[in-house]
Amino acid sequence: MPARSARPGFVLDVDRSTPPTLFWHGEQYHLERLPAGSRVVYPPEALPALEHPDAAIRHALLNPLGDSQPLPSLLRAGMRLTICFDDISLPLPPMRRPDVRQRVIEAVLDMAAEAGVDDVVLIAALALHRRMTEQELRHALGDRVYDAFAPQGLLTQLDAEDPESMLHLGTTDAGEDVEISKRAATSDLIVYVNINLVAMDGGHKSVATGLASYRSLRHHHNVRTMQHSRSFMDQHRSELHSSNWRMGRHIAACGIKIFQIETTLNSNTFPEQFAFLQRREWEWTARDRATFLGVSKSLDRTPARLARSIFQSIRSPHQMQSVQAGEVEAVHEVTTRNVYRQQLVEVQGQSDILTMGLPYICPYNVNSIMNPILVACLGLGYFFNLYRGKPLVREGGVVIMRHPTPWAFHPVHHPSYIDFFEQVLAETTDPLEIESKFEEGFATDPWYVHLYRTSYAYHGVHPFYMWYWCAHALQHLGGVILVGGDPKAVRRMGFKPASTMRDALEMAEDVVGRDPSITHMHTPPLLIADVK
Amino acid sequence: MRVPRLPARFPYGAPTWPRGVPRPRAEGRTGVNYDTSWARRYPVRLVRAAVLDGVTRPLVHAVASPTMEGLDRLEAMTGPAIFAANHASHIDTPLLLTALPERIRHRTAIAAAADTFFDKEWKAALSAFGIGAIPIERVRVSPQSTRLGSELIKDGWNLVIFPEGGRSPDGWGRSHRAGAAYLAQRTGAPVVPVHLDGTRRIQKKGAKGIRPSSTRVSFGQPLHPDDGEDTRTFAARVERAIAVLADEEAVGFWQARRRASAGTTPTLVGPAAPRWRRTWALGEGKRRTGGPRRWPRTSRS
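Going down the list, the protein sequences come from chains V and Z. Per the working numbering, the very first residue in the first sequence carries number 1; after that it's consecutive. Per the working numbering, the very first residue in the second sequence carries number 1001; after that it's consecutive.
Because the hints were derived from the structure by calculation, they are not lab data. Be a bit skeptical, because a hint or two may be false.
Stated by the list, open to error - In silico contact screen, one side only, chain V against chain Z (beta carbon under 10 Å); selected entries:
#1 Asp13
#2 Val14
#3 Asp15
#4 Ser17
#5 Arg97
#6 Phe276
#7 Glu281
#8 Glu283
#9 Thr285
#10 Arg289
#11 Phe292
To be verified - Each computed DSBU-like pair below joins lysine-lysine, with the alpha-carbon atoms no more than 35 Å apart:
#12 Lys297/V / Lys1120/Z
#13 Lys1208/Z / Lys297/V
#14 Lys1154/Z / Lys1208/Z
#15 Lys1123/Z / Lys1154/Z
#16 Lys390/V / Lys532/V
#17 Lys437/V / Lys488/V
#18 Lys182/V / Lys437/V
#19 Lys297/V / Lys1154/Z
Stated by the list, open to error - Label-pair distances were calculated between CB atoms; the ranges are:
#20 Arg301/V / Val1051/Z: 45 to 51 Å
#21 Arg1009/Z / Glu422/V: 41 to 47 Å
#22 Val1044/Z / Glu346/V: 48 to 54 Å
#23 Ala1272/Z / Gly513/V: 45 to 51 Å
#24 Arg1009/Z / Trp407/V: 47 to 53 Å
#25 Lys1123/Z / Arg301/V: 53 to 59 Å
#26 Gly513/V / Arg1009/Z: 29 to 35 Å
#27 Lys297/V / Ala1272/Z: 46 to 52 Å
#28 Thr1067/Z / Lys532/V: 55 to 61 Å
Glycine included, every Cβ here is placed at the ideal spot set by N, Cα and C.
Extracted from the complex, chain V is given alone in its bound form (with noise of 0.2 Å):
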């Protein structure tokens, strides 16, 4: 237990005492001093961890919520057992060992073997995401777990792709297909094992996303659920939520039973030789700001491919804090709920300017490269909607954010948005003229089916789905601005550079008006903005 119990966020106003404010810059950090009246919002501190996580997973799975029995009655001799895990996206950073899916995995393995049954295939829910490689998977799942099942081919990665390895089950009421793994569907029992890092994790989005193929997902990414999404994070008003929600209770109409685990995490995110990240500026100590110059001059001198694979080492000293098992839809209420008691603060009114430093790292660059197309993703798509209620912004405002944005791609993992990049953004930014002219050619080329399939590349439509991501706050801001970022790059997205933070709020009055009012988001640690 920690000496004193976890502080909630809390939104600072900026006077002339305060010290300068810490923005993430990539694979580096910046002080800012922000203007006399801007506001910072602070998330929560981390909560306590679970003194015994082994024992409350087994009580988790032992005493399920909703209309669920125990795992271990669920389990027979003879039955057709499928356990799915969350793939490389999640947590953020990786956490150190033993992941939490691990813990979990053994605990309903052990059951299995009780209840003597045989037929077990363990599944990575990749959905489009790339394949893991076997150091990842390695690291998710444990030594012990991979080395029973990966030699066997037991211990398998979603392929969407593959006609013969997915089922068709029908459509919604709404007319969404619903296509998921065919293994899975035809199993007794699906556990599926999630991490729930924000709000919109979890839920029938595990089975309904994770396992389902482009079929399938196109009904709900795509840009007019992503625009109808006010925020992802905010379930009730989530047409994202909405279509998963449909298309789960049309998997479990099909009689398809899912034992569903969902974990979550406190924001204990970076290891002590970085604490000052999660720590308050004004509270940092001599130690502290040490380390920071330290840090970061010599940062300054590093080559950015070092720099990255510093930061992508960082293994994050996650602590599970909850973790609960069962019927779908009750578990996730509690989980949802403990995630907003980690990240919740509260936040009066909108602002004309949002400020925000986008760190090194998002679900889809792990152990890769961070390329411009999933900064804004980063920004837009998962910053931006880090709120419940209204956004931090106003309609019409501006967003600044912080990070190099190289012209800079992952050949290997992102092969499809080096093509939406150079082709499809040159033409056009608009989400859904992108969406109407070029999703169908990239989500079909064979080369980008084959690469998703045979090596270690997200799917063809992966990028189109990154700049979806951006489409309600692209509909709803008057301006993007980076600072510090190539500004070829930069451009091409149809952002504004700007060399400075200064620069990039003059440059922001120009659209909202002369003294804008300005909130800053410091995270990650991740929040949750709840705008009254």
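With the hints as your guide, set chain Z onto chain V.
Chain Z only, in chain V's frame:
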């Protein structure tokens, strides 16, 4: 002369604390829990007295050129007292301490804000040794502070308290808190009202350096709480007494007494008006002392 302030800027130096964020209550050995008894042991007092008389006093005289008034009012005092003064500058404490008669000076403790002077061990030790400070809570009358203050007075120590709870942000005073009045009622010690004038010119709140200027220290008549007088009323009487001392400086003793009798003594808190009007009003009725003359003297031209 402008003495530059050396501390480096954040992150090379320590960060400033945002005004809107309350400081966490000090825990452990610092803050109100800091034990200052070692600083009142005889050998430490001896060293402090030597430093106070040999170093601090000459420095204060060089920087603040103090004029003392009303010291005669202290002569009749035999027991310990509580000195309650207005507060505009960090220079107030050494100025008042060195202005006190010797018999009082070396047996005086300063009530200092625990969140500022006792938040770190080295600062706490320096404050306790240098000025004989004891920690008190700025925002409330805490049992610990009250107990310590009472014990000191009963032991024959005088106490300096700034009842405004902190330095003036704009030159005007702030409403008094009841700590000094409460201690006086609890211990029976009198409260001596003290008005310090001109210290803001030397170093106002937030200023980066010090600028030598002349100052004036006025001691008022020691006040005792009346029978049945409640703490708030007594605190208000002390506040009025300091306002009268300030008025004496502006309009002279007699006019100030007449205005005090008529209840028309200007308050120290200034008008409830926009900031510029408060600043404007601050200059009214003040004698120009020190500082550069704007026009040459005609007799020399």
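Hints, verified against the model:
| no. | hint | in the structure |
| --- | --- | --- |
| 1 | Asp13 | 5 Å, holds |
| 2 | Val14 | 7 Å, holds |
| 3 | Asp15 | 5 Å, holds |
| 4 | Ser17 | 5 Å, holds |
| 5 | Arg97 | 33 Å, violated |
| 6 | Phe276 | 9 Å, holds |
| 7 | Glu281 | 5 Å, holds |
| 8 | Glu283 | 8 Å, holds |
| 9 | Thr285 | 9 Å, holds |
| 10 | Arg289 | 4 Å, holds |
| 11 | Phe292 | 5 Å, holds |
| 12 | Lys297/V / Lys1120/Z | 29 Å, holds |
| 13 | Lys1208/Z / Lys297/V | 29 Å, holds |
| 14 | Lys1154/Z / Lys1208/Z | 39 Å, violated |
| 15 | Lys1123/Z / Lys1154/Z | 27 Å, holds |
| 16 | Lys390/V / Lys532/V | 7 Å, holds |
| 17 | Lys437/V / Lys488/V | 24 Å, holds |
| 18 | Lys182/V / Lys437/V | 31 Å, holds |
| 19 | Lys297/V / Lys1154/Z | 57 Å, violated |
| 20 | Arg301/V / Val1051/Z: 45 to 51 Å | 47 Å, holds |
| 21 | Arg1009/Z / Glu422/V: 41 to 47 Å | 44 Å, holds |
| 22 | Val1044/Z / Glu346/V: 48 to 54 Å | 50 Å, holds |
| 23 | Ala1272/Z / Gly513/V: 45 to 51 Å | 32 Å, violated |
| 24 | Arg1009/Z / Trp407/V: 47 to 53 Å | 35 Å, violated |
| 25 | Lys1123/Z / Arg301/V: 53 to 59 Å | 36 Å, violated |
| 26 | Gly513/V / Arg1009/Z: 29 to 35 Å | 32 Å, holds |
| 27 | Lys297/V / Ala1272/Z: 46 to 52 Å | 50 Å, holds |
| 28 | Thr1067/Z / Lys532/V: 55 to 61 Å | 56 Å, holds |
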